[in-house]
Amino acid sequence: MTTAPVLEAVGLSLSFGATPALRGADLTVARGELLAIMGPSGSGKTTLLHCLAGILVPDEGEVRFHGSRIDSLDETARSALRRDRFGFVFQFGQLVPELSTLENVALPLLLAGCSRTRALDAARPWFERLGIGGLEDRRSGELSGGQAQRVALARGLVAQPDVLFADEPTGALDSLTGEHVMDLLTLAAREQGTTVVLVTHEARVAAYADRLVLVRDGRVTSPTSAPAPVPTSPAGEP
Amino acid sequence: MSVPLTLLGLLEREPSHGYDLKRTYDDLFAHGRPLPFGQLYSTLGRLARDGKVVVGEAESGAGPERKRYVITPEGASDVETWLREPVAPEPHLHSVLFSKVVLALLLGRDAHAYLDAQKLAHVQRMRELTELRRTAGLVDTLLADNALFHLEADLRWIDTTVARLDQLAREVGA
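Here the protein sequences come in this chain order: A and B.
So for the first sequence, the working numbering puts the first residue at 1; every next one is plus one.
So for the second sequence, the working numbering puts the first residue at 1; every next one is plus one.
Hints listed in this document are in silico derivations from the structure and should not be mistaken for laboratory results.
Mixed in with the good hints there might be a few duds.
Each computed SDA-like pair below joins lysine to any residue, with the alpha-carbon atoms no more than 25 angstroms apart [what the hints assert, rightly or not]:
hint	chain 1	residue 1	chain 2	residue 2
1	B	K100	A	E202
2	B	K100	A	R216
3	B	K67	B	D78
4	B	K100	A	D217
5	B	K100	A	P40
6	B	K100	A	H201
7	B	K67	B	Y19
8	B	K100	A	G17
From a predicted model like this one, the values you see are computed outputs, not experimental measurements.
Isolated chain A (complex conformation) (with noise of 0.2 angstroms):
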């Protein structure tokens, strides 16, 4: 993992108010990767997320997507890079509830002018490709919360984005859901090359990526490197 940075932050400061929520974050994501990022709730991880992403903009520090500053992009250039280069899946799935789920899952290429014959046909193999086949013309509330939460990987992936960002993507779903959810996310981001900054409080979670760095106080307090080898013994045995 030694290609050319895909995403750099350097000394991300942000407040909300009087509240400091990034106080100097520092990070750097590689080409390809797939990268947690774990903290206590306030940490400001999020924070950070939705600055890598241009949701946000700092009030200090830069963020760089591939070597190019996007938080001095005004918020309609920003909104096209989401659109176009990035993917999103959030928690709740956020699906749109009025359309169906095929709808759903071609709506990033509907946005980004496809027409729409040609965004559902992107769209429909992502079904069968996250075993959810036969759920097409559902609607979101027909759905369980692992099937909603495939459709929305599927509507984050299926634009092909550079990067997709995913905050807590197993957070509503049971553990054996979630990790049939990372499965498919680790395998599928993996198979068409995207890279993934993925953010949980999750362990379980963190464990499907690369590399994982914790954020505390607003800064990045792990190294950037990966961490040292551990003794092999089984972890928890007596």
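We have chain A already, so just place chain B on it with the hints.
Just chain B now, with coordinates in the frame of chain A:
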């Protein structure tokens, strides 16, 4: 701790020669760490001494070790009790982790940094186990799950401790 009772359990299923017993044990329970012959025979010796097994007559002309081990009613009773009773929820890693945190605080070292490093190491081990689960059969998957859940428990403890480090430092007089 559980090796003698596991061997007894296998002998309850059927009497066995030492070599066959080891082979069965290794197939089912060793998971890459085969039971050394020395440990096998010393364990069987103790079980015989304590009346949990009896040793049948040695068979002649059939290799170096042809003693046949048979479980006694007392041995079978031990197995039954063991399989019925829950294991005492003993502390595992946390006593070590706790000692390190307290010592770090007492010595003015960076306990936060230690806990961060420990967390990264734990998640790294979880990553290995998660990778193993991708290709493993059900038995190894369930064993990996057990290890994963233990590691998760440690991580929850680490997070809780991180949140209370200042308070802990005051309590231990650091």
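Inset, instruction - Kindly indicate which numbered hints from before are broken by the structure, ordering the numbers from low to high. - result: Of the numbered hints, just 8 does not hold.
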